[in-house]
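Asker: Listed below are the residues making up each chain.
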Amino acid sequence: MNILVLIKQVPESQATRMDESTGTIVREAANSVINPLDLHALECALILREQSDTTVNLDCLSMGPPAAVSVLKEAIALGADQGYLLSDRKFAGSDTWCTARTLAAAIAKIGSYDLILCGERATDGETGQTGPALAAMLDLPVLTYASAISRSAGGWRVRRMLEDGYETVETTGPAVVCVLKEASVPRLPTLAGKRRARAASCRVIDAAELGIDPADTGLNASPTRVVSIFRPNHLKHSERLSALDPAGVERAVEKIIAIFRQKGVL
Amino acid sequence: MNSAHQGIWILAEQSQGRIDPVSYELLGRGRILADKRKHPLTAVILGAELPDSELQQLIARGADRVLHASAAELAIFTPEPYSACLCALIQEEKPEILLAAATSSGRTVMPYIAGKMRLGLTADCTDLDIEADSGLLLQTRPAAGGNIMATIKTPTERPQMATVRPHSSRPAEPNSDRPGEICRWEPPAALLSSRVRRVSFERAPDARGIQDAEVVIAVGRGIKKAENMSLARKLAGLLDAAVGASREAVDRGWAPYSGQVGLSGKTVSPKVYLAAGISGAVQHLAGMQTSDTIIAINTDPEAPIFQYSELAICGDLFTILPLLTDKIAASRKQS
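Protein sequences appear in the order of chains G and H.
Per the numbering used here: the first sequence = residues 1 to 266.
Per the numbering used here: the second sequence = residues 1 to 335.
Next up, chain G with everything else stripped away, as it sits in the complex (with noise of 0.2 Å):
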């Protein structure tokens, strides 16, 4: 059984920061980290090959600067077999759509997965598209909102978070699964993983390789642009008390209860 995990490599939390000629994020900047999500759709697959009679070969995918080895050296410390990074110029700035299209051509190349796990959504875009879009591309089932995944007869049963409860539902085969936090609890590398880490090498695939029409990939190609960034303007005018004194905190309290009766709250 083969199964593919989805790792991205995102600016380490509050640290991001976008171009602001192109509005999309930087991502050479320092301090990458695996999208936290990306660690417990890791889990999930490395307690599913636990828990498996037979032989499940673990791979990972990213796409990202050559820098974002190194997340993938971090999947492979924490138990994942090979990694695979899609890394090349002519990738950059894709939108949801074009990443989707670019790791669908990637896996088509790679291999046949039995499951394709990824987070929810990254820390950075945090769209959440990417997942359901590559499902479609792909021609599989996409199952979001995922708390908790095990094996079922022909495919998978997994067990969605909903605004009004849990739905719990199976698949007839293959499945891209998109994770929540809920799903696990991500592991900490071992000595002898770190170990095994530093000496795998990663494969490397760019465009030419993958043979991907331009058409398809990188900014140009996306169908969406960002037109403009800007700060946020829902300013009030605020009445300001100052609460740093016992008189203070008593009218600071005092108003709130006002705020309470005035819109019939209290």
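Hints are computed from structural coordinates only; laboratory data are not their basis.
For clarity, every value in this text was computed on a predicted model and none was experimentally measured.
What you were told as hints is all true, and nothing was included just to trick you.
These stretches of chain G come out as covered by chain H in the derived footprint (C-beta under 8 Å, 3 or more residues):
id	stretch
1	95–106
2	126–133
3	142–153
Looking from chain H toward chain G, a few residues come up when the C-beta cut is under 7 Å (computed):
id	residue
4	S104
5	T108
6	P111
7	Y112
8	G115
9	K271
10	A312
Take a look, some chain G residues computed to stay more than 12 Å from chain H by CB distance:
id	residue
11	E50
12	K90
13	P214
From the three backbone atoms N, C-alpha and C, an ideal C-beta is built for every residue, glycine too.
Starting from the known structure of chain G, arrange chain H on it as the hints suggest.
Answerer: This is chain H only, laid out in the frame that chain G set:
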């Protein structure tokens, strides 16, 4: 320009045959866009044989036309039949814009359709408008985890598609005199097959709790540790309020994810939002800035959230919340 594409569509949602109120927020948004473009507004709804009386509500709230794809297989959301039906309708009728709610189903089916049909899609928009010169849909969303908003366009692909944050705008008001047309469509069996089957469903009604609450008491990093959450819970208990939290408080394990407010959590729009110890990153603001009244308590006089608050209190939540709780409890006893 792609003039073959005409009409503004919103994807309405239903559960158990009842229209989900999030649909009315989309109608409010869609009506504004339709009037600006001078295009008709269509509400598309998938489900199992919804009665006219239910569909009529979509017209009362702004739709010129209701397009109902009706089949037993569409009773609950399943990604493949939903996207197959919507792709077929899009190909047939060629709308210019399609909006859906950024709900678990909208955020699943829309990117699936985008993937199938090579369409542009913007996630979690909090503002939509029509660009005056080009007539293009301007899709605005909080971006890049920082303190900025991005406006995004889809210059050529049609329909232009966006998912819209629930509770990021008010629902359209009903007017039962509005005229409108109801079209029913029974999709062919080929569109209804699915490789995914629901085996069970476990209702957890309080999963929505925070979004329906009239008052939200929210805490952030300033609450310092999990044990201090009781300060917020006590106050919330007195007011029948929900307890919310910033992402930082959730990531640190102080508050459950179900209460997370912001871009990667829930969007709320209560009568009063009290933010204690929350500095106010744009991601958080995106989830609460449409609240009626915002009260912020923070020790940092420069906290960004103060600029979004009607009442900005520079002070310590550990002295203010207990006194507030005591006073409200005392006033309850007197009455």
